[in-house]
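Visitor: Fit chain B with the ligand to the known structure of chain A by using the hints.
Protein sequences appear in the order of chains A and B. Read in order, the letters of the first sequence are residues 2 to 204 in our numbering. Read in order, the letters of the second sequence are residues 99 to 335 in our numbering.
Just so you know, the hints here were simulated from the structure itself, not pulled from any lab data. Every residue gets a Cβ at the ideal spot worked out from N, C-alpha and C, and that includes glycine. Errors might be hidden in some of the hints.
Beyond 10 Å from chain B on every Cβ pair, some chain A residues (computed) [claimed, not checked]: (1) Glu22; (2) Ser66; (3) Leu74; (4) Arg167.
Across the chosen pairs, the derived CB separations fall in these ranges [unchecked claim]: (5) Glu124/B with Asp11/A: 50 to 56 Å; (6) Met193/A with Arg167/B: 23 to 29 Å; (7) Arg114/B with Arg30/A: 32 to 38 Å.
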Amino acid sequence: MPKTPHVGEDELLRRAVRGDEDAFLEIYRAHQASLYRYAVRMSGSPWAAEEIVQEVFLTLLRAPSKFDSARGLLGAYLFGIARNRVLKHLERAPREVPLEPDSEANAEVHGSQADKLAHMQTPAAWAERSQLTEHVHEAVLRLPPDFREAVVLCELEELSYKEAARLLDCPIGTIRSRLHRARALLLAKLEMWRSVPRRATAR
Amino acid sequence: MMTCQEFESLGPDFERRPVSRAAAEEHLRSCPRCSALLGSWKDLDGELRALARETSSAAAPLRVELALREAVRGLRPQPRAGRLVPVWLLGPAATAAVAFFAAWYVLRAPHAPQKLANPSSSLAAQPPVDRYAVTNNKVDPAASEELSQKASGAQKQGPRRNPSAPAAKDSAGEFLALPYALPVTSADDASVIRVRLQRAALGAFGLPVNEERAAEWVMVDLLIGADGQPEAFRLAR
Ligand SMILES: [Zn+2]
Chain A
2 MPKTPHVGED ELLRRAVRGD EDAFLEIYRA HQASLYRYAV RMSGSPWAAE EIVQEVFLTL
62 LRAPSKFDSA RGLLGAYLFG IARNRVLKHL ERAPREVPLE PDSEANAEVH GSQADKLAHM
122 QTPAAWAERS QLTEHVHEAV LRLPPDFREA VVLCELEELS YKEAARLLDC PIGTIRSRLH
182 RARALLLAKL EMWRSVPRRA TAR
Chain B
99 MMTCQEFESL GPDFERRPVS RAAAEEHLRS CPRCSALLGS WKDLDGELRA LARETSSAAA
159 PLRVELALRE AVRGLRPQPR AGRLVPVWLL GPAATAAVAF FAAWYVLRAP HAPQKLANPS
219 SSLAAQPPVD RYAVTNNKVD PAASEELSQK ASGAQKQGPR RNPSAPAAKD SAGEFLALPY
279 ALPVTSADDA SVIRVRLQRA ALGAFGLPVN EERAAEWVMV DLLIGADGQP EAFRLAR
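Okay, chain A solo, but in the shape it has when bound (with noise of 0.2 Å):
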């Protein structure tokens, strides 16, 4: 998610909140995109992400002094706001992300979901889309949030452990745990949706 050091990212953003546009976009355009995907993969939802960007921004812009250097990345202060928004998010809204895979009264739920993410995409990106590509994004968007987002991060954001641990806070063993009980669960469901048992009987 951070991106590379950027030299100068406590001048360019005091020059920002002093109304320096140019300075202002060169911190926005670096960081805009990363925090957006990770939003919008967390929340499903465009809308949400597309709020939570903004906010993240807008936090930073009101309270500048509490971004500080020597403690890191600008990019990782500005996921932690976005991380912090994502989580409340899913807080109040846990039901946006219907619960069961296969019952008829979700039928619409997973329209409107795969609606959200052709917003995000061409017509023809979205016609090519797999059934089952768009199975796994159903199943991501029910995994536990620390699993969802232990996926986010490490298999669609493709951070190594170690980044994504350093992000998070947390030890590598974590990412990795939740990742392998991730894993576990995106099988089960993706078995449930296929109705066919794929693994070989244990012997």
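Guide: Structure of chain B with the ligand alone, referenced to chain A:
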């Protein structure tokens, strides 16, 4: 000999761990269950990579950048009249209040808004809000004094722009009183909050909404009274 449980706990990245790789491979040769499991892991990884590719170019829409740039412009020092706080910097509480207000208001039957310029309105005695110089969510007392000296003239002329007020250059039009609102608070206690609303919500303010554009986001300045209630609004540019 590695057990199935040990293999499973290694996960698909066992290949990256040289210590366990040989034992895992040996186990796989003799265990169809774990071979199938490895196949599932690889399929899943492939699907996750496809999902990652699909969303890899996702980015915040341009309107976020535009809105933030406007907020940054509002931070520029204003030597004369105090600065207009980029009003959504006021904090989550204010934002939440406005969101609550908007949601609540949408549920009400719309009424036609009163124009501040209407001399028969109780609001007409108030100076037009463009003339409020807002500093840190409060009207700058100096600017307010200066403005109140001009207020009597303004009342006769009706609302007009004050070119020295920072809001004037960014904002279009006069404030319209919200239909349900009580008479406007005195200038000293009023503040302006800029919010982003969907056009659909403007219908509740009594404005006509083109259905095709109902989902569009627009910037709206809300005039907030001393009691924290929105009293009037205008479309911002
Ligand atoms: Zn085995």
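Visitor: Would you mind marking each hint as holding or not holding in the structure?
Guide: Verification of the hints:
{"no.": "1", "hint": "Glu22", "in the structure": "violated, 5 Å"}
{"no.": "2", "hint": "Ser66", "in the structure": "holds, 14 Å"}
{"no.": "3", "hint": "Leu74", "in the structure": "holds, 20 Å"}
{"no.": "4", "hint": "Arg167", "in the structure": "holds, 18 Å"}
{"no.": "5", "hint": "Glu124/B with Asp11/A: 50 to 56 Å", "in the structure": "holds, 54 Å"}
{"no.": "6", "hint": "Met193/A with Arg167/B: 23 to 29 Å", "in the structure": "violated, 47 Å"}
{"no.": "7", "hint": "Arg114/B with Arg30/A: 32 to 38 Å", "in the structure": "holds, 34 Å"}
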